[in-house]
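Q: These protein sequence lines are chains A and B, in that order. All residue numbers for the first sequence refer to numbering that gives the first Met the number 0, where the first residue is 0 and numbers rise by one. All residue numbers for the second sequence refer to numbering that gives the first Met the number 0, where the first residue is 0 and numbers rise by one.
Keep in mind that a hint or two might mislead.
Which copy is meant is left open, because identical chains are indistinguishable; a pair holds if it fits in one copy or across any two.
To be verified - Below, a list of computed lysine-lysine pairs in the BS3-like style, where the Cα atoms sit at most 27 angstroms apart:
(1) 19 <-> 316
(2) 316 <-> 350
(3) 240 <-> 26
(4) 345 <-> 21
(5) 240 <-> 210
(6) 26 <-> 345
(7) 316 <-> 304
To be clear, the hints were calculated from the coordinates, so they are not data collected in a lab.
There are 2 protein chains.
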Amino acid sequence: MKLGELAAFSSLEYSSRVEKTKAAMSKRGMDVLICSDPSNINFLTGYDGTSYYVHQMVLIELENSSPLWIGRKMDVPGARLTTYLSEDNIISYDEQYIDNRALHPMEFVSAIIRERDLAHSRIGVEKDCWQFTAGAAETLLLELPDVKFVDAFGLVNDIRLIKSENEIHYMRAAAEIADLAMDAGINKIEPGIRECDVAAAISYAQFCGTKDFFGDYPAASPQLPSGSATSAPHLTWSNRKYSSDSLAYIEISGCHKRYHAPLARSIYLGDVPNWLRDLVFAVHEGMDRALESACSGNSCEFVEKTWRSVISKTRYKKDSRIGYSVGIGYPPDWGERNASFKRGDKTILEKNMCFHMIIGIWTDELGYEVSETIRVTDKGPPEVLTKYPRELISK
Amino acid sequence: MKLGELAAFSSLEYSSRVEKTKAAMSKRGMDVLICSDPSNINFLTGYDGTSYYVHQMVLIELENSSPLWIGRKMDVPGARLTTYLSEDNIISYDEQYIDNRALHPMEFVSAIIRERDLAHSRIGVEKDCWQFTAGAAETLLLELPDVKFVDAFGLVNDIRLIKSENEIHYMRAAAEIADLAMDAGINKIEPGIRECDVAAAISYAQFCGTKDFFGDYPAASPQLPSGSATSAPHLTWSNRKYSSDSLAYIEISGCHKRYHAPLARSIYLGDVPNWLRDLVFAVHEGMDRALESACSGNSCEFVEKTWRSVISKTRYKKDSRIGYSVGIGYPPDWGERNASFKRGDKTILEKNMCFHMIIGIWTDELGYEVSETIRVTDKGPPEVLTKYPRELISK
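From just these sequences and the hints, can you work out the full model?
A: Set out below in structure tokens:
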């Protein structure tokens with residue numbers, strides 16, 4: 000077992016990410032950052048594992064060159080395998096803290112903070128990150144009355160927005176896997192087949208990956224409603240069977256080393272009826288225009304506005320955003336929670352930002368959805384990483 | 000589309016769960032419960048979907064017979080399909096609240112609470128539930144200064160501990176799926192095969208399920224480390240290949256309609272070496288004794304103590320618990336976060352409690368793990384729901 004044997008990047012790349020984080024902390028007057036989001040933890044240290052169902056975090060101290068990982072004792076071997084952190088920087092709490100309503104792991108963390116002479120410092124916490132619970136915050140406040148806690152939600156997420164060439168390499172691998180998984184799903188669908196059997200075919204392709212790139216587990220499971228259930232965007236599947244003359248869609252992600260490339264396609268089982276053609280035209284025309292507008296220098300809200308100028312000429316409506324930044328992800332979400340293609344988002348597009356551009360229209364009766372994962376280029380339209388044919392599939 | 004078309008249980012079963020919840024609230028002096036845990040939401044209303052990456056919840060009011068679902072507008076069709084709630088009890092916030100650092104969905108929820116004349120009530124919140132973030136709590140406190148917030152973490156989880164006959168039916172289905180998925184994984188493993196290809200075979204079986212029971216997505220992805228990586232309990236897989244004369248294990252769950260039956264087996268590729276036999280004996284002997292002790296009337300800590308009396312006679316050590324209650328689960332965890340087989344847990348076993356009994360020993364060099372999902376019976380030893388042969392597999 001070698002230090003960082005399973006890390007996804009060089010130790011140098013992690014150091015540069017930590018340096019960027021410290022610069023952002025410094026700008027916002029933080030001495031310490033408690034980073035709880037598993038995607039941010041992975042980004043900063045390489046730490047990987049399904050252990051995010053217990054409290055774990057990395058501490059970034061302005062005065063310390065390397066992060067501290069704090070987690071469950073059982074997960075120390077995982078930290079050794081997936082990060083380059085030295086033994087001194089891997090700190091663990093024992094089993095008495097697990098599922099114990101009378102003892103919170105943040106009591107342990109508070110003691111570490113006191114030991115490190117940080118009990119009077121300014122500490123950033125990721126207030127709306129799913130892994131930083133109300134209970135965690137309450138315990139810290141109680142244990143460390145002289146600490147000034149400030150909201151650092153999004154601080155690391157924002158640094159993840161522009162990808163390195165190595166990250167783009169993984170994004171392309173993820174996109175290749177997404178294409179294969181979509182193909183497996185589309186090939187499997189036909190009237191009489193159960194939804195769960197299509198999910199199985201997709202998942203098989205997602206995990207096998209390619210010869211060169213293993214498939215990692217995506218942050219969310221496939222969504223593949225059919226018939227009336229297409230009206231509900233976040234349903235997964237059941238034993239319902241696909242039926243003739245009905246609409247279905249598949250939204251999935253390819254994943255490699257935690258990097259995600261989501262992809263959605265719709266399929267009509269039978270001859271596409273006339274009533275659907277309007278909707279199909281609006282979605283695809285809107286996608287084409289929005290893609291053309293996703294150039295370096297344009298804002299996120301401009302991309303959404305371009306889409307809206309198409310949809311507003313039709314009888315369809317869509318309130319929700321048409322995309323968001325993607326990269327590293329852990330359940331429950333593959334979105335980075337930083338920039339979105341939505342009204343009011345003034346983020347300026349730069350080279351090597353990656354987005355899931357998703358044009359989905361849901362009515363009370365049905366849903367129609369098409370999406371791509373894109374990389375913003377130096378100039379001109381983006382590179383579409385996912386390559387699966389975009390048109391409505393009819394079979 | 001019919002109300003509750005995709006709900007897992009009858010409307011009557013959900014009502015009875017809500018009544019039990021109200022009784023517990025009443026006992027603890029709560030007027031309202033804000034329930035944020037997706038497993039608890041599913042338990043109380045049937046709501047299902049992968050939408051738990053945004054803030055959503057159910058409100059249980061002591062004075063109202065039916066829960067309120069509050070979530071994202073886009074997920075209302077999902078709420079209609081998977082619950083029996085009437086239109087009045089499905090309340091949604093719009094897209095401006097999504098990934099907006101300047102506007103929290105709890106501001107919307109606070110307005111609902113004021114409208115319903117509950118701004119001076121006692122409200123329970125699930126403080127250490129992953130979906131109830133520090134940011135959510137802070138917003139509620141700011142918006143509702145006259146509310147008395149009390150910790151309700153575990154209140155609903157504890158009600159989930161004893162399963163109904165209908166729930167046991169799903170648990171058995173999940174166990175059947177776990178057995179099939181384990182078999183698929185074990186059959187696939189051999190020297191030279193990539194871990195990811197084994198994960199693919201497992202996942203395929205997990206999602207297909209059986210002819211009668213579709214496979215749902217488990218709350219955690221398969222764990223299947225091999226070689227030195229077995230020392231790290233929560234690793235998933237990569238493109239590493241299995242090699243001869245090495246140890247590997249598989250920990251997975253079958254899942255049906257969100258009910259989980261986890262299962263773990265270890266496998267040795269080659270002739271089992273003598274140095275491993277001690278460990279194998281300790282684990283299996285310990286499992287047998289612990290199983291015998293998991294009878295109605297015994298405490299959870301007694302089961303752990305029984306195991307410890309076996310392991311303490313060997314040179315191996317294990318600090319971590321040897322099991323926890325299972326049932327409904329969503330990522331990141333299939334555990335119910337109520338009772339565990341661990342020191343100090345005084346929960347008394349009752350008929351139709353279900354546990355994942357997991358005997359795992361991890362050293363710095365390797366890990367060896369065997370587990371079963373069990374149902375506590377009326378008297379005598381438990382029903383072992385998972386049926387896969389328990390011995391160390393050697394091939």
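Q: Is the C-alpha distance from residue 19 to residue 316 at most 27 angstroms within one copy, between copies, in both cases, or in neither?
A: neither (40 angstroms within a copy, 42 angstroms between copies)
Q: Should residue 316 paired with residue 304 be assigned to within, between, both, or neither, using CA atoms and 27 angstroms as the limit?
A: within (13 angstroms within a copy, 61 angstroms between copies)
Q: Evaluate residue 26 and residue 345 at a C-alpha cut-off of 27 angstroms and name the case that applies: within, between, both or neither.
A: Within one copy only: 21 angstroms inside, 50 angstroms across.
Q: Between the shortest in-copy and the shortest cross-copy C-alpha distance, which are at most 27 angstroms for residue 345 and residue 21: within, between, both, or neither?
A: Intra 24 angstroms, inter 46 angstroms, cutoff 27 angstroms: intra-copy only.
Q: With identical chains treated as interchangeable, where does the CA-CA distance between residue 316 and residue 350 reach 27 angstroms or less: within a copy, between copies, both, or neither?
A: neither (31 angstroms within a copy, 52 angstroms between copies)
Q: Under a CA distance limit of 27 angstroms, which applies to residue 240 and residue 26: within one copy, between copies, both, or neither?
A: This pair counts as neither: shortest intra-copy Cα distance 56 angstroms, inter-copy 46 angstroms.
Q: If the cutoff is 27 angstroms on CA atoms, where do residue 240 and residue 210 land: within, between, both or neither? Let me know, please.
A: between (32 angstroms within a copy, 12 angstroms between copies)
When the structure is compared with the earlier hints, violations turn up for hints 1, 2, 3 and for no others.
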